[in-house]
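Could you put together the complete structure from these sequences and hints?
2 protein chains.
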Amino acid sequence: MQIPSRAPKRRFRRKDARPSEIVEAALALFTDRGFAATRLEDVAARAGIGKGTIYLYFPTKEELFRAVVRRRLVPNLDAIEAMIARHAGSSAELLLGVAARAQQLIATDIAAIPKLVLAESGNFPAIAQLYAEEVAKRGLAMLERVFARGIASGEFRPLDPHCLVPVFTGPLLQMALWQQSLGRHTDIQFDPAKVIETHVDVFLRGIAAASDA
Amino acid sequence: MQIPSRAPKRRFRRKDARPSEIVEAALALFTDRGFAATRLEDVAARAGIGKGTIYLYFPTKEELFRAVVRRRLVPNLDAIEAMIARHAGSSAELLLGVAARAQQLIATDIAAIPKLVLAESGNFPAIAQLYAEEVAKRGLAMLERVFARGIASGEFRPLDPHCLVPVFTGPLLQMALWQQSLGRHTDIQFDPAKVIETHVDVFLRGIAAASDA
DNA sequence: TGACTTAATGAACGGCCAGTCGGTAAGTAC
DNA sequence: GTACTTACCGACTGGCCGTTCATTAAGTCA
Chain U
1 MQIPSRAPKR
11 RFRRKDARPS
21 EIVEAALALF
31 TDRGFAATRL
41 EDVAARAGIG
51 KGTIYLYFPT
61 KEELFRAVVR
71 RRLVPNLDAI
81 EAMIARHAGS
91 SAELLLGVAA
101 RAQQLIATDI
111 AAIPKLVLAE
121 SGNFPAIAQL
131 YAEEVAKRGL
141 AMLERVFARG
151 IASGEFRPLD
161 PHCLVPVFTG
171 PLLQMALWQQ
181 SLGRHTDIQF
191 DPAKVIETHV
201 DVFLRGIAAA
211 SDA
Chain W
1 MQIPSRAPKR
11 RFRRKDARPS
21 EIVEAALALF
31 TDRGFAATRL
41 EDVAARAGIG
51 KGTIYLYFPT
61 KEELFRAVVR
71 RRLVPNLDAI
81 EAMIARHAGS
91 SAELLLGVAA
101 RAQQLIATDI
111 AAIPKLVLAE
121 SGNFPAIAQL
131 YAEEVAKRGL
141 AMLERVFARG
151 IASGEFRPLD
161 PHCLVPVFTG
171 PLLQMALWQQ
181 SLGRHTDIQF
191 DPAKVIETHV
201 DVFLRGIAAA
211 SDA
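Those protein sequence lines, which keep their order, are chains U and W.
Residue 131 in our numbering sits at position 131 of the first sequence, with consecutive numbering throughout.
Residue 208 in our numbering sits at position 208 of the second sequence, with consecutive numbering throughout.
Errors might be hidden in some of the hints.
Said to hold, decoys possible - No more than 30 angstroms apart at the CA atoms, straight line, and that leaves these computed lysine-lysine pairs for BS3-like:
id	chain 1	residue 1	chain 2	residue 2
1	U	Lys15	U	Lys61
2	W	Lys137	U	Lys194
3	U	Lys61	W	Lys61
4	U	Lys194	W	Lys194
To be verified - Sample of chain W residues at the chain U side, in silico, Cβ under 7 angstroms:
id	residue
5	Arg33
6	Ala37
7	Ser121
8	Asn123
9	Gln129
10	Ala132
11	Ala136
12	Leu159
13	Cys163
14	Pro166
15	Ser181
16	Lys194
17	Thr198
18	His199
Hints listed in this document are in silico derivations from the structure and should not be mistaken for laboratory results.
Quick reminder that beta carbons are idealized off the backbone N, C-alpha and C, glycines included.
Given below as structure tokens:
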């Protein structure tokens, strides 16, 4: 019934490489169009394959999104977790390291993922849950421990570690979101490196136990 | 051609009240479904009118969104601006007041607007621009002035006022976004009041010029 | 009361796209 | 070579929803 319209394109069979290529293409398009507005046909085109091929590897568009989060974001969290585990110096130095790492990530396309999750959490609870469990919960626990340690050692003031987490991450998140959304539609500019440097400076001074510069 | 199917619903003519009612219904639905996923038919139903009626007052769905931003968010910005203008005490007290005001707003449905703008900025540049010009730019200038004043008076350390703005607003934004998205899909809880209190405490101590508690 | 104005209605239209599936061709075994 | 397996393709379907517009009825005025 279907007349293969014209010159059929050259095919290659590469079962192993496909999933990563699709995830890569999907993140790139989700990043600048949003999840809902991205057509799977375009993802396929960018990955250099046909639309149907995506369905050989991912059962639905939503599952593809979950794969993007798992393959691109979670490994970075692992790396930060490892960094914290192996750290020996002061807690303040550790936070500086975490912030530096976050700043690196903000410069990559990975920074778009939080925006996407935020935007789609209403329509795709499964995505929100994945992110909450595998990203937010882990990151929260991680930072709470860092703060608790610094307080226990007398380095930081005795503030609630749970409350300190969003205080610390808020400005980092704001930089990531700004770059991914409003920053593209206005002449207002922020230099993420400078803002984060200021933030860490202010934050560390603000939680320091006593005399400290 | 169209057979008015069944018992036509009772009509009322209320030209003046319609726009606000529509905006109200739209914000409520946008809030928990997102902009793209909200059907105009549902907005109409919630406002107690027919679908076509919306088009008597708003030319497109996008324009309706712009109206939501303008009617609900901008007046609050005006209020904060006025508060700053009339303030006489220290800059630290002023920032406390601004944070308290933000905390109040976070408890209302207005907190959903930033999430919506963020989410749709890619697909609707006009919305991003409206927000950037009439909300972000004004808010930025406002806070920069507060910081500059505090620095000039010797109350704050000489940090870059431009960089301080996202440092100050980041945690506030994060609380608003958390409540509107992830907070609904996980058992991780934050008490916005406590987090903001901690933030302001840490922030003020972090930017204070010298000895100060 | 009847003529007129205009707010309000909702069926129908048109365009879009996730997901399906019959079919093609690259690779493989013999 | 021939038969077979399976990665891959893309036209098509079905449903959704923003927008239109012919029609209806509420209000107004003489």
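Are any of the numbered hints broken by this structure? If so, which, sorted upward? none
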